[in-house]
Amino acid sequence: MRPRALLQLAGPIALVLGAVLVGLSVSRSTEIYVINALVSVAVVVALYVFVGNSGVLSFGHISFVAVGAWAAGVLSVPEQEKPAFMPFLFDFLRDTTVGNVPSLVIAGCVGGVFALLVGLPLMRLSGLAAGIATFAVLEITNNVLRYYEKIGPGLNTFSSVPETTDLEQAAIVALVVIVVAFAYQQSRFGRQLRATREDPAAARAVGVSIYRQRLVAFTLSGFLAGLAGGLYVHFLPINVDTVYLDLTFITLAMLVIGGATSLWGAVVGALSVSALDSVLANAENGLDVLGRTIEVPAGTRIVVVSALMALVLILRPSGLTGGRELSFDWLRRLRPAREAVE
Amino acid sequence: MSDFLRTAVELQVQADAIGLGAIFALMAVGIGLVFGVLRLVNFAYGQLIMAGGFALAFASERGWPVAVGIALCLVVVLALSLAMERVVFRPLRGQSPAVMLTATFAVAFLLQSIALIWFGPLGKTAVSLAQLNRPVSVGDVEIRKITIVAIVTAAVCLALLVLLLNRTSIGLHMRAAAMDFSTARLVGVRASLVSAVAVLLSGILAAVVAVLLTVQFPTVTPTYALRETILVLAGVVVGGMTRLVSATLGGFAIGYVSGVLAAALPSGQSQYLPSFVFGLVILVLLLRPGGVFTRGAGTVERV
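Protein chains in written order, with my numbering: chain A, 2 to 343; chain B, 241 to 543.
Hints in this document: simulated from the structure, not taken from any laboratory. Model, not experiment: these values are computed from the prediction. Don't take every hint at face value.
Some, not all, of what chain A presents toward chain B, calculated at C-beta under 10 Å [claimed, not checked]: (1) A130; (2) I141; (3) L316.
Reference listing, derived: stretches of chain A covered by chain B, where coverage requires no fewer than 3 residues with Cβ under 8 Å from a Cβ of chain B [as the list claims (entries may be wrong)]: (4) 113-126; (5) 144-153; (6) 251-262.
For every residue, glycine included, the Cβ atom is placed at its ideal position computed from N, Cα and C.
Chain A on its own, in the form it takes in the complex (with noise of 0.2 Å):
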């Protein structure tokens, strides 16, 4: 691998492993802030691995979430709480008890499998009619686990789904999910996809199918959104608001934030905007700044989120980082006098 590629790779691993360090070393409570933003790096960069490569938008990646955090979910909770608050199972989920890892491997299968069913007709679809039929997915999905208790909790709380998702495996998940979305950018597939998002009509030209490229990515997308959903459902008490409209317009922002079109823009986004969020949440319930107390109002996060978000739209519509990779070349333009002389 050529040295640039590999910094590519390098930087968004780096700051997961920064993520970490900074996880290690604070107090438990706060350990959560961090297990929350390894989370939302693996949904947002399986997001990115659609929305970045493709340049479309897609309003439906929660669903993949909400199925993977339902299939984790239910197969993994004790047999014994099971009809506690999901009476209604069918038999086969009602007397079926996974393992920790097990159940984020089906999560991640299931997300892919119902990206790839959603995405056979969907694929077809480009600009404003494949955004408004991703947030009809959305819909759809939210309203069957809201309402049919055979494959789930419905509008019941997951409680006592076994929470193992600690800093190490959700790191360890978010490195995974990079790693993936990186091998799959370098490849073939991920290249003719970004020729695709560049100019579709060369691309036809040269001999890429838009529509089959755009399949593969989606399908990997959901595979990866699922594996993410395993993870949040191992971490939190969710339930089907969780997974919803909120979720969708966080993880959309982080994406933007830091720039759709590059995975270091889709790491930074998340790691960035979920920091804030932390600071905010806190500063929610009181917040100690050199001996002053600083409070304000509950919502207060959303409301400099979406600000944030309009903002770096309207001044700097490829995100935080460019939309580029990361490198160093930044550098050597702040000394072109050297260059010249070598």
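For chain A, the structure is supplied; the task is to place chain B on it using the hints.
Showing chain B alone in chain A's frame:
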């Protein structure tokens, strides 16, 4: 199935469905007008209606006369629309539709969370026009007054709009801008004026919708009109965004279809109404991605 059909054709159900369709059609026009000129899908349209609803609730809680409440609603919604146009829409002019949609998505959440801080999650109640919910008998059907008011208001608003677009010079400018913005500017159409007027008209329609909706659903919460906006957006895209008429028909159609389905679905399945409606949306989008009510297929760019 026969039960389904029998319920679906009942006059009562038809009247309610048409009433809902009329309100959705007004929202569709509001969204379509702005899209026509700015090529921007305004996801935050529902939050304008929400703001109008809070203005009405504010007036109703203080016992102000109905007319004052409606005036306040209009002022609030118009001020908010113009601010949105100046701060968000205008700087974004010329960006890709996806960037603009995401930006208005952000604005929607911004307004919603400001409302949450300001008014709390339970919201306020607007009751000044509640007497419009009483039914009147037409033949042997009982129709709520608001249904009739909604249909008449929608018809009047649409007629006025058609007159404005076809009979005035600003209407001509707007149609020119909708067809080809840069060429229209070259021949002397003032871009900022046209976009401000489009946003203004769309704001007036939002205020009208706020009044009509609060009669039927008097509890105004921060997520007020969010569901309706998502449905109307789907309807507008399904109908076809490129022309105002097709967008309006799309909005009406999705309102009408959800109205009929809501009444006709058997009670065991009625909670799956959104799934049926959005399933239909996906199906229609796959069959006619350019819109149901548009003519001819879109051209595909070749090298």
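Here is what the structure says about each hint:
no. : hint    : in the structure
1   : A130    : holds, 5 Å
2   : I141    : holds, 5 Å
3   : L316    : holds, 8 Å
4   : 113-126 : holds (count 4)
5   : 144-153 : holds (count 4)
6   : 251-262 : holds (count 3)
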